[in-house]
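Protein chains in written order, with UniProt numbering: chain A, 1 to 408; chain B, 1 to 408; chain C, 1 to 408; chain D, 1 to 408.
Check the hints yourself; a few may be wrong.
Note that the list lumps identical chains together, so a pair holds whenever it fits in one copy or between two copies.
BS3-like cross-link-like pairs, simulated, lysine-lysine; straight-line CA separation at most 30 Å [what the hints assert, rightly or not]:
| hint | residue 1 | residue 2 |
| --- | --- | --- |
| 1 | K97 | K127 |
| 2 | K295 | K127 |
| 3 | K394 | K78 |
| 4 | K127 | K78 |
The set of hints was computed from the structure by calculation and includes no laboratory data. Quantities reported herein were computed from a predicted structural model and do not represent experimental measurements.
There are 4 protein chains.
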Amino acid sequence: MNRKIRYGMIGGGRGAFIGGVHRIAASIDQQIELVCGAFSSDPQRSKDSGADFFLPPERCYGNFEEMIRTESALPADKRMDFVSIVTPNHLHFPAAKAALEAGFHVLSDKPATFNLAQAKELAQIVKATGKLYGVTYNYTGYPLMRQARQMIEEGKLGEIRKVVVEYPQGWLATMLENTGQKQAAWRVDPAICGAAGCMGDIGTHAINLAEYVTGLHIKELAADLTIFLAKEGRRLEDDGNVLLRFTNGAKGVLHSSQISIGCENNLSLRVYGSLGGIEWSQLDPNTMIVTSLDKPKQIYRTGLGYLGSAAGAATRTPSGHPEGYLEGFANIYRNFANHVRAVINGTQPNPLDMDYPTIEEGVAGMAFIEAVVASSAANAAWTPLDYTPTPRAKYGDASLNSDRGGLS
Amino acid sequence: MNRKIRYGMIGGGRGAFIGGVHRIAASIDQQIELVCGAFSSDPQRSKDSGADFFLPPERCYGNFEEMIRTESALPADKRMDFVSIVTPNHLHFPAAKAALEAGFHVLSDKPATFNLAQAKELAQIVKATGKLYGVTYNYTGYPLMRQARQMIEEGKLGEIRKVVVEYPQGWLATMLENTGQKQAAWRVDPAICGAAGCMGDIGTHAINLAEYVTGLHIKELAADLTIFLAKEGRRLEDDGNVLLRFTNGAKGVLHSSQISIGCENNLSLRVYGSLGGIEWSQLDPNTMIVTSLDKPKQIYRTGLGYLGSAAGAATRTPSGHPEGYLEGFANIYRNFANHVRAVINGTQPNPLDMDYPTIEEGVAGMAFIEAVVASSAANAAWTPLDYTPTPRAKYGDASLNSDRGGLS
Amino acid sequence: MNRKIRYGMIGGGRGAFIGGVHRIAASIDQQIELVCGAFSSDPQRSKDSGADFFLPPERCYGNFEEMIRTESALPADKRMDFVSIVTPNHLHFPAAKAALEAGFHVLSDKPATFNLAQAKELAQIVKATGKLYGVTYNYTGYPLMRQARQMIEEGKLGEIRKVVVEYPQGWLATMLENTGQKQAAWRVDPAICGAAGCMGDIGTHAINLAEYVTGLHIKELAADLTIFLAKEGRRLEDDGNVLLRFTNGAKGVLHSSQISIGCENNLSLRVYGSLGGIEWSQLDPNTMIVTSLDKPKQIYRTGLGYLGSAAGAATRTPSGHPEGYLEGFANIYRNFANHVRAVINGTQPNPLDMDYPTIEEGVAGMAFIEAVVASSAANAAWTPLDYTPTPRAKYGDASLNSDRGGLS
Amino acid sequence: MNRKIRYGMIGGGRGAFIGGVHRIAASIDQQIELVCGAFSSDPQRSKDSGADFFLPPERCYGNFEEMIRTESALPADKRMDFVSIVTPNHLHFPAAKAALEAGFHVLSDKPATFNLAQAKELAQIVKATGKLYGVTYNYTGYPLMRQARQMIEEGKLGEIRKVVVEYPQGWLATMLENTGQKQAAWRVDPAICGAAGCMGDIGTHAINLAEYVTGLHIKELAADLTIFLAKEGRRLEDDGNVLLRFTNGAKGVLHSSQISIGCENNLSLRVYGSLGGIEWSQLDPNTMIVTSLDKPKQIYRTGLGYLGSAAGAATRTPSGHPEGYLEGFANIYRNFANHVRAVINGTQPNPLDMDYPTIEEGVAGMAFIEAVVASSAANAAWTPLDYTPTPRAKYGDASLNSDRGGLS
């Protein structure tokens, strides 16, 4: 097959934030092509949005059902290959379900669904349809997070003991949702974004990253969530502190916030094992500190020759040419599209391309959100995560991948 | 009175760590003089240690009882003015009690005592004797921590909402205590250091600093402590994660560790209020980030003219000439000695000199240690702190100081 | 016109570095389309390279003359709008000349030409043809460099006094060019890259950035260039230190290196005026320190609301979502393509879109290279730059733009 | 000898800056005692200053001649052992000469003298009297600068190629000297501070540090000095940029400034050799980056076990307890006093104690100042340094020390 992979977008019309990010991420490597979209529930707005990307009006739909139905009827050489779902959370499940059942692969923004029950149902649908499903826990796309995962898989850090993961922001320190700011408005509305605010929007990214890098799962957690602007009318937590216990006995802490003034998007991860540790901050994503017993700390930098295969495959520029958020996001798109291409071609995918979050992570993410909300409601009682993780393949062990559809 | 303030040291003989720190801290400003010591329970070792500082053998005692008895009998113009206690924890209380009751002021290393009951008893003794008592929660001596306290007192950050305080170290990631390392050995022995390991050694510093800066107190906490090297024989926790609830409704998290490889002495504090925040790390103590709504972050630096009176009074060099751990520690000594001098002279102390930790903080520290241990034993159950804080004076409000003996 | 801007690429076949960067930069905003290329002088290699981007073989040419001739003959609705030149330096001029004279706009990699005489001739050709010409001094595309320029234009820093600009790298600390590394080989060959090595490859970027941000020009310079690996056979300087004197009396220093081991691509710029300064490093491009008299330093961050219009227009993601090298590069492409679109549409371009380097900067860059080489040959004698700068428009002064074709 | 080393201070009365620094530096290790002083040319002010340190009035002199004469007449068990000279520059030479010739060792603030001729004469006096002479180029006292020197001596960085040394400040960006600020006033007065302003005050520190760490000497330099506030009446340069050529063929650049707003005391040093490099900033003195070919950068930190003997001997606290400016300064005092003690005792000094700047560095410093001024006056003509360096001992090679009185 000598053509670009084609996708249609659900959501992401003018004024949206994450839709634009997805489109850039899809475009960077020039291997993926936007061919249609249901950018808005307002048909004219959908067409206007599509025109921004030079899409013909007939492929700009007023809703995803129409898009899926119409695209399904197109000839194979014109039809989209996958859909990208970038709506607010409450629409993720119905859109994914419809697309998968119509035979389209799906790449969805996170969280996978509105609640855990939907996620589990979606997992069944993915399995039943045999279609590919990815969810953009995009921070796993950073080269150095892949390096960290690979180092931990190879035992470089020894047995993992301690995980500190943070995701503070400050943008909701005031009632921004009352000012007409669209991004703020839906993120604080439980009918649209689900049971959690801060934890569903960003805490879930932090936990996903911690599990991705360590290969561990959370066994139970104790969460103390707070709505600091409750008196002003906010209904979902804008801050949370969580104690974590991992399956192997490791301990950890997560704190995440939307009211920590001056914090932008300060996701950071520190992992310490019996032999060493890693320290990384998303604000400086091309630097990772690697520690070890009795030796100077080392500064690992994106793009250098001493990095492993996973980081290398996720890098586009030489060291010192900073890669950022969009490139990390694009790595998820690249991996997913390459997997789609392999499926279309009937070839074996490159194991490194299967390194993207799947429905497995989608379910885990929803289980986290429900656990953290339940724990907090019970005054930070220890609460297990209500799902059973599937063992994942290691980078060097492609044979395990068949069960889970990938490395992720 | 035109002479140096004189002190005797209990503990701190050759091979000790913190004794040397206290001696440097006392020396820096050339206002305090070491005149005697019970440096070791081995009389010869005590004399040898004293000789390192050119003390005459007759003032190097084999135990603190002998020192206190003998010094009490000296003429007033030769006798020590206060004792500095730098022994392992289990001796803090008897040494302090003996000194106070013999009429000497006391400056003790932290924690104040071996357990909370002793601390409460010591508080009574301090009150009864009317002698000054300080405890070296030395990190409050950093100029920028005083700046932070002053800014928060003045309302610059608004209502405090969130506190993140960390104190990871990595030096006990292996069984260092089995190698003959003296510092490690006593810090992991419950008979010497008390009910807590990591939390008693460093976690208490972190909490003290958080309370000092915010002016808040911890209402209750939920702690998950771990002995990661339990199988190897360690008996006290070498790691802990703690959820914090403050008296005003603020929330927080503390994590502290001795097994986080590569971490040196990484105390850090972040505080966020409704108007702004501060971020500070002890590894770079002359820099503090100050955040505020909708404005660029600011970098506050030790020694510059825009800082307040409290930071200014705690600074010895112009900006860009880094002050460090020893100078911060020396600020506690300077404040305490100036207070002693005022008492001797019968004058009113400078309110800024009263900015040192007293028995109030000593009791709070022990209450924290007992609460954190109890909470963890109850599977991280919420546990209140078993003491009643006394309201403290603000920097600008000297009149309140009479009840507590100072600003601290 | 409701279509993407179309371009053809000269150079940039498989194995090249900068060609891929240009293609990503062109793709990110989905407004520009690669339609043809002369990717290699080997026709088959050109076709193979084109196939990587799904170009039809008939639009993959074996040389730029063929490409320009053939594309010129295509109907207007298919023909490329501009050419992107990404060859080694010695081909920049003939390719640009051919394209311009055939009526195509040109966006060229830097330096503009092989020598200053060519650059001056090219300036005449640009003027004569009336076509747009841009040169990818891409570091001016970073949002915070545009912010710095705007602040200086507005007088926020006062009269500029001191400029420190650095560009150390370490990749040529050994004879990498002897190992088959293609990027190294041509960059050290005077027949291909021109009279300078380090200064032509990266020093010119540094000077361009300094002039861009300050709005000043270099009056004269004194340069000490060194070939540290001369004994091993290297023929062009791999290191240089340069004293700078600017037209307004400001002084500065440039140092650039390819043998500073551990340096990646460490372009940094510091500018100090009578009222304040700015400090910026390309390795952390979303942070700029702003200094002012007697106030705390401020941390300006990409994506925040307090930034000016120029930075805002160059930003794609919210603060805390790091934008990197590719996004900065893409800003040059976006500006250039928007200008092309305005020309095609016959409309007035947005002044902010005219903020890209033109032939003016191309000539300045070549004048710098020749001056620095001449000065060093004369033992660091003061050497003026052999060209006359054209006054440039300020951000707020669009009316001046007609003379120079833009803000840049 | 079982007593403290005794010193008298010349200069450093109330209101001075550097005198207080010297006194703290002398006090930190409790091995040196201030016994007398000529703190001010006003006898009463001298006595008042001495009273601050509890000195008896009879040992507070009105001028250094009186002090030297009177102290010389005291019995050996009371007399000062050395003098510390902390006056403005023009008095360094006469005070040092008088003290040496009266048989006292001398530790002087930098620069050694008012001009090079004096320095050469002083070198003869030092040699003739056989007394010890040190000059407080204090930045060589930082543990990591000693580590860097030791690593370079051991060949860890290979042949040194490139040196970048900076010392920008911003405190004289306005006419501070007109505001009554005493520190500013004398530093801009050529009659008091000598031929250079910025270069004599701080540039000389930078060059000394570069030579100390690399073991190289400057062969010639080309300097461009500027008085940015000349119109306002300033008479000495407040900024300078200098090209450097070292004896081994290494190249370098120095820039130093007093008008770079926001810079505090930003001395930094970068050295690159054929095998690796080091990068260090005085603002974060306990961190040094070590680079090497094809490996991750390493972070060397004060106080850790992998450091060499020289850094180890210069460290007082465990890693993570920041040592600062005063401790680095104290290392010069400690080394010097230990050498004095060895001389008094007639024992062999510890070679590590001989690691302090001597008259050799004093002469080099003055030669630098005169060269830089002469070069700038000749429009940045290459100017050699007018003195002949004596080869210095390596850390591991104590036998060479006899010629130069030390490692330095």
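Okay, the hints, checked on the actual structure:
1. K97 to K127: Within one copy only: 12 Å inside a chain, 58 Å across chains, cut-off 30 Å.
2. K295 to K127: neither (47 Å within a copy, 44 Å between copies)
3. K394 to K78: The answer is neither: 36 Å in one copy and 48 Å across copies each exceed 30 Å.
4. K127 to K78: Answer is within; shortest intra-copy Cα gap is 26 Å, inter-copy 45 Å.
In summary, the numbered hints that this structure violates are 2 and 3.
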